[in-house]
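Novice: Those sequence lines, one after another, are chains A and B.
Okay, so the first sequence: first residue is 1 according to my numbering, each after it adds one.
Okay, so the second sequence: first residue is 576 according to my numbering, each after it adds one.
Hints in this document: simulated from the structure, not taken from any laboratory.
Backbone N, C-alpha and C define an ideal beta-carbon position, used for all residues, glycine too.
The hints are all genuine.
Label pairs and their in silico Cβ distance ranges:
| hint | chain 1 | residue 1 | chain 2 | residue 2 | range |
| --- | --- | --- | --- | --- | --- |
| 1 | B | Asp713 | A | Pro57 | 15 to 21 Å |
| 2 | A | Lys492 | B | Gly684 | 23 to 29 Å |
| 3 | B | Gly773 | A | Glu317 | 40 to 46 Å |
| 4 | B | Asp714 | A | Glu317 | 22 to 28 Å |
| 5 | A | Ala152 | B | Pro702 | 17 to 23 Å |
| 6 | A | Ala152 | B | Gly773 | 18 to 24 Å |
| 7 | A | Lys322 | B | Leu623 | 42 to 48 Å |
| 8 | B | Glu593 | A | Thr443 | 29 to 35 Å |
| 9 | A | Lys24 | B | Asp714 | 25 to 31 Å |
| 10 | B | Gly762 | A | Ala152 | 17 to 23 Å |
| 11 | B | Leu623 | A | Ser559 | 44 to 50 Å |
| 12 | A | Glu432 | B | Asp714 | 54 to 60 Å |
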Amino acid sequence: MHSHDVLIVGGGLAGLRAAVELNKANVKVGLISKVHPLRSHSVAAQGGINASLGNHPRGDYDTAMRHAFDTVKGSDFLADQPAVVRMAKDAPLRVYEIEHWGCPFSRTDEGKIAQRPFGGAGFPRTCYASDKTGLAMMHTLFEQMIRYQQAAERQELVVYSEWLVIGLAVDGDLCAGAVAMNIKTGEVDGFKAEAVLFATGGAGRIYGNSTNAIINSGMGMAVPYRAGVSLKDMEFVQFHPTTLLGSNILISEAARGEGGFLLNKDGHRFLADYPDSKKAMEVAPRDIVARNMAREILAGRAVEGTHFRLDLRHLGEEKIQKQLPGIRDLAIRFAGIDPADEPVPVQPGQHYTMGGIDVDRSGATLLKGLYAAGEAACVSVHGANRLGGNSLLDTIVFGAIAGEAMAEFVAGHVRPASSDKALADSAAREREAVERLMTGGGTEDPVAIKDEMKKTMMEKVGIFRDREGLSSALETIRGLKDRYKRVRVSFKGKVLNQELRSTIELGGSLDVAEAVVAGALAREESRGSHSRTDFRSRDDASWLKHTLAAHTPDGPRLSYKDVELGYFEPAERVY
Amino acid sequence: MGGNSATFRIFRHDPSVEGEEPRFQEYEVPVRQGLTVLDALFHIQERLDSSLAFRASCRAAACGSCAMHIAGRYGLACQTQVGPLGDGPIVLRPLAHLPIIRDLVVDMGPFWEKYNKIRPFLVPGEPAPEKERTQSPDDRDKLEGLIDCILCGICSSACAVGGTDDAYLGPAALLNANRFVQDTRDGAAEERLRIVDGEHGVWRCHTIFSCQEACPKGLDPTGAIMTLRRTIIRHRWKKLVR
Ligand SMILES: Cc1cc2nc3c(=O)[nH]c(=O)nc-3n(C[C@H](O)[C@H](O)[C@H](O)COP(=O)(O)OP(=O)(O)OC[C@H]3O[C@@H](n4cnc5c(N)ncnc54)[C@H](O)[C@@H]3O)c2cc1C
Numbered sequence: 001m002h003s004h005d006v007l008i009v010g011g012g013l014a015g016l017r018a019a020v021e022l023n024k025a026n027v028k029v030g031l032i033s034k035v036h037p038l039r040s041h042s043v044a045a046q047g048g049i050n051a052s053l054g055n056h057p058r059g060d061y062d063t064a065m066r067h068a069f070d071t072v073k074g075s076d077f078l079a080d081q082p083a084v085v086r087m088a089k090d091a092p093l094r095v096y097e098i099e100h101w102g103c104p105f106s107r108t109d110e111g112k113i114a115q116r117p118f119g120g121a122g123f124p125r126t127c128y129a130s131d132k133t134g135l136a137m138m139h140t141l142f143e144q145m146i147r148y149q150q151a152a153e154r155q156e157l158v159v160y161s162e163w164l165v166i167g168l169a170v171d172g173d174l175c176a177g178a179v180a181m182n183i184k185t186g187e188v189d190g191f192k193a194e195a196v197l198f199a200t201g202g203a204g205r206i207y208g209n210s211t212n213a214i215i216n217s218g219m220g221m222a223v224p225y226r227a228g229v230s231l232k233d234m235e236f237v238q239f240h241p242t243t244l245l246g247s248n249i250l251i252s253e254a255a256r257g258e259g260g261f262l263l264n265k266d267g268h269r270f271l272a273d274y275p276d277s278k279k280a281m282e283v284a285p286r287d288i289v290a291r292n293m294a295r296e297i298l299a300g301r302a303v304e305g306t307h308f309r310l311d312l313r314h315l316g317e318e319k320i321q322k323q324l325p326g327i328r329d330l331a332i333r334f335a336g337i338d339p340a341d342e343p344v345p346v347q348p349g350q351h352y353t354m355g356g357i358d359v360d361r362s363g364a365t366l367l368k369g370l371y372a373a374g375e376a377a378c379v380s381v382h383g384a385n386r387l388g389g390n391s392l393l394d395t396i397v398f399g400a401i402a403g404e405a406m407a408e409f410v411a412g413h414v415r416p417a418s419s420d421k422a423l424a425d426s427a428a429r430e431r432e433a434v435e436r437l438m439t440g441g442g443t444e445d446p447v448a449i450k451d452e453m454k455k456t457m458m459e460k461v462g463i464f465r466d467r468e469g470l471s472s473a474l475e476t477i478r479g480l481k482d483r484y485k486r487v488r489v490s491f492k493g494k495v496l497n498q499e500l501r502s503t504i505e506l507g508g509s510l511d512v513a514e515a516v517v518a519g520a521l522a523r524e525e526s527r528g529s530h531s532r533t534d535f536r537s538r539d540d541a542s543w544l545k546h547t548l549a550a551h552t553p554d555g556p557r558l559s560y561k562d563v564e565l566g567y568f569e570p571a572e573r574v575y
Numbered sequence: 576m577g578g579n580s581a582t583f584r585i586f587r588h589d590p591s592v593e594g595e596e597p598r599f600q601e602y603e604v605p606v607r608q609g610l611t612v613l614d615a616l617f618h619i620q621e622r623l624d625s626s627l628a629f630r631a632s633c634r635a636a637a638c639g640s641c642a643m644h645i646a647g648r649y650g651l652a653c654q655t656q657v658g659p660l661g662d663g664p665i666v667l668r669p670l671a672h673l674p675i676i677r678d679l680v681v682d683m684g685p686f687w688e689k690y691n692k693i694r695p696f697l698v699p700g701e702p703a704p705e706k707e708r709t710q711s712p713d714d715r716d717k718l719e720g721l722i723d724c725i726l727c728g729i730c731s732s733a734c735a736v737g738g739t740d741d742a743y744l745g746p747a748a749l750l751n752a753n754r755f756v757q758d759t760r761d762g763a764a765e766e767r768l769r770i771v772d773g774e775h776g777v778w779r780c781h782t783i784f785s786c787q788e789a790c791p792k793g794l795d796p797t798g799a800i801m802t803l804r805r806t807i808i809r810h811r812w813k814k815l816v817r
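Chain A on its own, in the form it takes in the complex (with noise of 0.2 Å):
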């Protein structure tokens, strides 16, 4: 059994963040991630992270009330007003202190953090390393750790790299702590701790054709989901527009923020014909362009029926390699192809998980002492569609609020004697379950589960959706889980038993995707992300409202709850 004040998972942007300020906090830490955190997915991002700095001679107008707006607007008015704000306010001090943490973003001649434009934005406000902006902020802070680690005056603040949260510890209405497995080991143990946060980034591999890490399973979503904490908003997932074909490795939007063109089969830059983006063309937000991609393939007009071609070559090799160097290289090395010479041949990919794990506006769920923080989370600030370079922004401000609120949870709580029996029972349960899954006799190939998940999700829940698809695919989803339930692992060894570890992580990613059909057969309206082509419209009177998700034996039990309003009326999303 292992012991902390607060324990982290997941060692990404939005936990290391938390990690720090909890640290400034004198709290001591534990930080659990399945990868070591260096590895996360957040050092792939890659375009920039919004703040109204009004560095860009065009930006000097720009405010964080024009940022709220701008993502209030951009998530089809779905996002909690009071949260927004807080974010955009918030966002010019985050990105200042990462700065003076060392963060390299790039500069303007007189020395200032550099801003770009992305979609969705009224001013130039995505500040931005080249385009390796998540590698830069992953290592200022993970730096900011070792600085910690390293200050004798610190608590503690210890790691454990490739350890897997599979449990959490439920005691009444308190969260007692967690229960994980050491990859390295296959050993089963608790952790105990007053307040326990969730930062286990996105969802994205529920889809076949994600941009995301192999790693985000969504398995950090369905374990709070599991404990009894509701899901929010998981109908809504980004599609995002430029994602290299085949791989669906991203290509940053700073492609077309910086001037990329967009193609179709006859070099035509089709966003013109399209009336939500035929003003903003290759910046409109990425629902819009996303969408009418797809409206493209479907009229037959996407190169070899599948997909674009990002045109960068009128931007010069100079420019090319200054500003977009990392994808210039991704698109080298994995297509075969030199953007300064030949256009990069794209296609829309599985890219963000607006919605997640339930949270109020300091990263509190209702199940006292466990917060969420990122990706895996849904405060909700994102509503129905993310802008570009708002989800760093996301990670940072609400890894510092949440890891702030927890602190001070901490200090006033006296963990009660029966959390430590609820904590023991729960390892105990975990224990159990992993070793009847390496001694049961199942018999289904848990390869083939998910793959057919991910097709399922590919190919009926994508940017396009209708009631005979989603009916269909819920009934897919629960003959997957319910042959899950005699899935099989072959390789019985407990040192890096990989098998073991991915078919966890399968249960897990089943019930996310789960949620993620029923909260979009139920949504009867098009809204952002969201687009039913047998309900076409935004439906405010009936459906300006967030879908929780609530776990059942029987699968997700949907409620709804109010959209926090005050700041900017509902009105249609133009462009």
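Following the hints, put chain B with the ligand in place on chain A, whose structure we already have.
Specialist: Using the frame of chain A, we list chain B with the ligand on its own:
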């Protein structure tokens, strides 16, 4: 490569099993256009032999998880295409100079310890202003090629000195030391130079350029080490003159 398939010869070993000897095991993997070594590893693990162990995460050459020795040179499995690797069996081995946990997975602990030694965090020269610290674009450019390191461990693995001197800080830690020395916002150059000036620091490098050749991100740790050496000498002179 026979027809539409490739033969992989993969290092297998589980040191936790007493008496188990390291060995190579062969697998046939169907090849398609665009197949990467990482795709092939997943194919093997998911469809041929679920006991195989390797690391992977971002699969886009940003996280450094899948660093290994591939067909005669170090690389990231995710960004290595199978097609051009030729006819013979494609041999995969784990990184060198690090304890093996199982198969292609090594214990990176010693690597991170060395990284920690260089005090890898900004020690600001001056108190923080209200807004950002300014830095000219030219000064920022000096960090290019230093901030791009993904700490995958390939350079340290490829380094011949690393094989003979366990305590050698190695190319990755030294490149990262230079990242802070070159940063105009940092004020701890003296201390940083002292750390890398030791017996197991910059002077150990034999300038064979193995690290530079091997780096999957095209970075130049040897160059960074040379820069550190020059800076150290300059600092010594300054002290003498003072
Ligand atoms: C290719 C790409 C590019 C992007 N570019 C941008 C951009 O330019 N700007 C922007 O704003 N956003 C961008 N995004 C989105 C952004 O990168 C992510 O939303 C953000 O990095 C998520 O950070 P996080 O800390 O919430 O989670 P992650 O970085 O995903 O970290 C999750 C952590 O949780 C751990 N974990 C998960 N489950 C468990 C478990 N069960 N047990 C133990 N540990 C667990 C993992 O090991 C990991 O450490 C991009 C996304 C992609 C896919």
